[in-house]
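Asks: Residue-level listing of the chains:
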Amino acid sequence: MERKRVLKDRLASKFMLLLSVVASSIIFAMIIGLYLRSRTILETKPLSELLFSTSWHPLQGQFGFSPFIMGTLWVTGVAVVIAFPLSIMAAMFLSEYAHKLVGELSKPLIDLLAGIPSVVYGVWGVLVIVPFVRDYVAPHFPESAGSSGYCILSGGIVLAVMICPIIIHVSTEIFRSVPLEIREASLSLGATKWQTTKFVVLRKGLPGVIAALVLGLSRAFGETMAVLLVVGNVAKIPSSVLQPAYPLTALIANNYGEMLSVPLYDSALLLASLILLLVVLFFNIVAQLVLIRIEKRIR
Amino acid sequence: MDRRKIEENIFKAIMITSTGIILSGLVCIIATIVVKGLPAMNIAMVTQTPKGGFYLGKEGGILNAIVGSTYLAVGATLLSILISLPVVLYLNIYAKRGSRFVSFVRFSFDVLWGVPSIVYGAFGFTIMLYFGLRTSLLGGIIAVSLLILPIMSRAMDEVVRMVPEELLEASYALGASKLETALRVVIKQAFPGIVTAVLIAFGRGIGDAASVIFTAGFTDSIPYSLFRPVATLPLAIFYQLGTPFPEVQERAYASALILTLVILIVSISVRIASRKFTRNVVK
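Protein chains in written order, with my numbering: chain W, 1 to 299; chain G, 1001 to 1283.
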């Protein structure tokens, strides 16, 4: 009886350890799995040509990712430029100024915003943001009058709303972790609340705020469905935010149907996924390392 | 003095406006979906599968997608629980606290959490190529469970971590093995948190489109086997929105309303679950 219990415990322990090892190696499996599949195209074409060529003609065997990479960068850039100041200001308000009740009430709402599926964001973008950009923004710029509204700006606005919750979430945590004493020290020296927030809380929390920004950025970088629906999907390097673009994620999602019938096409799309994965991994690892350091310092 | 006061007020106004803009984004999204979705809602939408010519504006509903999404999300959630729960118990009970391995596993989940869902789809697709699987319910379940695994594990880890050390020691002192402690004490103590984690992951799984586009495919019928393609709500919305017919696009809005309602119900349940199941919890 006793032996059976001990044996069960041992077996369970080994099984759980095995699962933990497997679960934590998923990330490596993803890199290797995608690499093995994209090797076919990497062997036939130099990486620099794939990354910097603008000519995308899969039927002629030309796979230049440049327009798509530029599309992703533009959309992500617009989203971050809109979302970052809004989210930081909101996070400061919620952690420093807001009445406790307001904070309690807005937390579930922001969680809800984070939980809305991206395709619903996409539908909202098509119904609200696209017509708004078409009717109220584009007409003010003569060179893009007659724009359909499906453009980088629309994609950026939709994405911005999507990444606000994560930036707010991480940065309120950071602001709250700033010790009360140093705030009080600043206030007792005669600084106003805003000065304290600006010079003490924000400065102290700056690395964490940057980590929050990077996490939001990488979320925007990899977002697919919402962007796909509103950004226009034209494979040309854009030159203004009122032009359509074709981000990498949209490229992958849109061409699933044809990719198995054209040689190298599937390999090219999986290479695109690998590029996305590596870029996002890099961002995430940096951000998480910063956050871990902050957490250690607090304890 | 006055300048400082003015600056204070200006920035306070900016902060309140920013918070207002973000929250009104939420209100605007939900209002838009309700206003546009309700008129196109009818019983047929939720009780019928698409009939011939559905995507041209003829009769039918999206029962195929509702059932498909449910199968897929439930399957993925169960699979994900089977992996998350043992891993989380291992990290918090068997492994040495603060060991390198523990931090590594946590770190890998944090990093996985940020991987875009389309990449999970592409990776799921490479696995399927490897095993010779076609787009199927099984493929979708694998991709989605990979996607929600880090979300569920990290959320569970947060609560299991909070179980007081003394409680474990009391259980060991009574002669219980670690396994018995884990199953009878820790799970009971952390139950509300575990339910919350599962619900959050489920919500994420049912709403994700990019990971299933490669792996689960799409079909107009209700799947009867793990190896058949399966329709999902997000993709149903996507395809209906992509047709040039206004009637079909309106159905996409109605479908989006259904999906939003599902998400709302899930997130309200999260709130209730985290309050209600606290009966057995020792504080």
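Think of the hints as simulated: they come from the structure by calculation, not from any bench.
Any given hint could be a false lead.
To be verified - Now the stretches of chain G that chain W is said to cover, found in silico as 3 or more residues with beta-carbon under 8 Å:
1) 1003-1012
2) 1021-1028
3) 1198-1211
Said to hold, decoys possible - Subject to a maximum C-alpha distance of 25 Å in a straight line, what follows is the list of computed DSS-like cross-link-like pairs (lysine-lysine):
4) W:Lys45 - W:Lys236
5) G:Lys1188 - W:Lys8
6) W:Lys100 - G:Lys1012
By construction, the Cβ of each residue, glycine as well, lies at the ideal position given by its N, Cα and C atoms.
Asks: Next, verify each hint and record whether it holds.
Replies: So, going through the hints one by one against the coordinates:
no.	hint	in the structure
1	1003-1012	holds (count 6)
2	1021-1028	holds (count 6)
3	1198-1211	holds (count 8)
4	W:Lys45 - W:Lys236	21 Å, holds
5	G:Lys1188 - W:Lys8	20 Å, holds
6	W:Lys100 - G:Lys1012	16 Å, holds
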